[in-house]
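Build out the structure end to end from the sequences listed, making use of the hints.
Protein chains: 2
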Amino acid sequence: MKEDKIIDFLKKKFYYKSIPLGIGDDAAVLSYSENKYLLFTTDTIVDGVHFKVKDINLGYIGRKAINVNISDIAAMGGEPLYAVINFGLPKYDKKLISKIFNGIYYSAKKYNVKIVGGDTVRSKCLFLAVSMIGIVNKKYFTSRSNAKEGDIICITGNIGGAVLSGKHLSFTPRLKEAQWIVKNLMPTSMIDVSDGLFVDLGRLCVLSKKGAVLFKENIPISDKATDFKSALQDGEDFELLFTLKSGTKLPKKVLDTNTKISTIGRIIPDKGIYLEDKGKVSNVKIKGYDHFKQD
Amino acid sequence: MKEDKIIDFLKKKFYYKSIPLGIGDDAAVLSYSENKYLLFTTDTIVDGVHFKVKDINLGYIGRKAINVNISDIAAMGGEPLYAVINFGLPKYDKKLISKIFNGIYYSAKKYNVKIVGGDTVRSKCLFLAVSMIGIVNKKYFTSRSNAKEGDIICITGNIGGAVLSGKHLSFTPRLKEAQWIVKNLMPTSMIDVSDGLFVDLGRLCVLSKKGAVLFKENIPISDKATDFKSALQDGEDFELLFTLKSGTKLPKKVLDTNTKISTIGRIIPDKGIYLEDKGKVSNVKIKGYDHFKQD
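Sequence lines, in order, name chains W and X. The number in this note's numbering is simply the position in the first sequence, starting from 1, with 782 added. The number in this note's numbering is simply the position in the second sequence, starting from 1, with 782 added.
If you're looking for bench data, these hints aren't it; they were derived computationally from the structure. Treat the hints loosely; a few may be bogus.
Copies of the same chain are indistinguishable here, so a pair counts whether it falls within one copy or spans any two.
Stated by the list, open to error - In silico lysine-lysine, DSBU-like type, Cα no more than 35 angstroms apart, as pairs:
1. LYS991 to LYS1062
2. LYS1006 to LYS1053
3. LYS930 to LYS1060
4. LYS1042 to LYS906
5. LYS1011 to LYS873
6. LYS876 to LYS795
7. LYS1027 to LYS794
8. LYS991 to LYS873
9. LYS921 to LYS1034
10. LYS920 to LYS795
11. LYS795 to LYS1031
12. LYS793 to LYS896
Set out below in structure tokens:
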């Protein structure tokens, strides 16, 4: 994937010994206090790529811009606190601006994130880039890179068909779930599924220097997905993918939120991702959403 | 100005009692520790608005994206620490990506800012949005809103003609100067001049609930400026505009950096900006760069 190549290039170029975790996870992890880390993340959504202005309720664009960042902070076990917004738009359109900021307001209020700054610029295409600061208790901090051999792989909710069903816009970031999971299940690693299960599990495995076997019949496919294969490649689910020490007692749901948890696989020492279907194991070719794959 | 209308709208929509300073200054000011505030800012540069890809050395785009944010942190009296980058580009172009990130690397290293995250997305237009975290000692913290009647108005360097001369890309953010100024001159207010002297002085005056008289012959006009009037309206200078208590002993230069300081006016109780030329005072119509003025 070209996008991952860019990330690898930047990870090397901007590597600093002195910071806990830089480029390459859901959020950067920075020194803060004896017991806490500061989290810093950013995500952009662009008209024609992540949504189409003509098709949708503009408020959802605003909500999504905030929620994708909350999802990143959540996936580190953290709590989102503050955000700044870069808003590029082709022309001054009071109604459009107002609707988008109503969506931003809605999600910011719902998840207790304070919008503290921003920048509005003219641009040929409409885009919203949100950067967010959060905080995480060191004992709950969970990265992508600590999955161990034998760990079980779990996922919240259902995957697949997010764009078809509109979930890519209306999804609920798994903030409460993540906070419950880090407090109660002590995951060894966690990532939010934004570019598809295969791609994001691949990232978690590469960073953990491990591989994975997925149990086909356990994977919770959304009834909105076109088929099994596409469900594993579809992006924009924003579910939590996490690993637990083997033997962890797992409830079927995240208590209080009613969100389903499924056990979908196991971490193995071999690099690569395999699919186990009725006792047969096959190698999986990873294909997921890449912004630049056609170039 | 439509841009300032958007900012006013957002200031009201996203007002929080509990944070020291939100939307409307060079950076947001957040609680951090007993002696320090956290600063959080963001700025976007867009192809066709802030630069033209075809015209310039791509490295300067990267430098500029970092330097405009450093300028914002500097204008609060702070020290920049960490940045995340949103990069939108029409297609995967290794050479372009590499050159832009070389520019980012150059400025980040020069000013000791760590690049800790980012997001690369496909977009019809090339844009770079950088968000930056900094820190400021509470005793050096300087906002836009505390200028008092009788304060003298000062500016670093020269103004005008920045786009014609290329200074809009190659400028040096006034970080060292700002740090020297807050430590040695204890300014009552400060702002960086990004949208033109008139507009940014106007912002400082509105937030301080005051007005200003400018002394025409003292204003340091760049020899690259077309004329006096345009120099006061041109943006992209990234000089520091600040106010000092009347009677403050002012050196002609910021010691160590050799950057010139000029005394260009005085804060008055009347709202509005006036120009004093050989004893005659006239009212100034403010006109500056507005992203949406033609809509």
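Quick rundown of the hints versus the structure:
In this assembly of identical chains, the alpha carbons of LYS991 and LYS1062 lie at most 35 angstroms apart only when taken from the same copy (24 angstroms versus 75 angstroms across copies). In this assembly of identical chains, the alpha carbons of LYS1006 and LYS1053 lie at most 35 angstroms apart only when taken from the same copy (31 angstroms versus 60 angstroms across copies). For the homomeric pair LYS930 and LYS1060, the shortest alpha-carbon distance inside one copy (25 angstroms) is at most 35 angstroms, but the shortest distance between copies (78 angstroms) is not. Taking the shortest alpha-carbon separations for LYS1042 and LYS906, neither the intra-copy value of 42 angstroms nor the inter-copy value of 38 angstroms comes in at or below 35 angstroms.
For a Cα distance limit of 35 angstroms, the shortest separation of LYS1011 from LYS873 across copies, 27 angstroms, qualifies, whereas the shortest one inside one copy, 41 angstroms, does not. For a Cα distance limit of 35 angstroms, the shortest separation of LYS876 from LYS795 across copies, 15 angstroms, qualifies, whereas the shortest one inside one copy, 41 angstroms, does not. For the identical chains of this complex, LYS1027 and LYS794 are intra-copy neighbours only, at 31 angstroms inside a copy versus 48 angstroms across copies, given an alpha-carbon limit of 35 angstroms. Taking identical chains as interchangeable, the C-alpha atoms of LYS991 and LYS873 lie at most 35 angstroms apart only when they sit on different chains, with a minimum of 31 angstroms there against 47 angstroms within one chain.
With identical chains, the CA atoms of LYS921 and LYS1034 are at most 35 angstroms apart within one copy only, with a shortest distance of 24 angstroms there and 53 angstroms across copies. Taking the shortest alpha-carbon separations for LYS920 and LYS795, both the intra-copy value of 27 angstroms and the inter-copy value of 33 angstroms come in at or below 35 angstroms. For a Cα distance limit of 35 angstroms, the shortest separation of LYS795 from LYS1031 qualifies neither inside one copy, at 41 angstroms, nor across copies, at 45 angstroms. In this assembly of identical chains, LYS793 and LYS896 lie within 35 angstroms of each other by CA distance both inside one copy and across copies; the values are 29 angstroms within and 12 angstroms between.
Checked against the numbered hints listed earlier, the structure breaks hints 4, 11; every other hint is satisfied.
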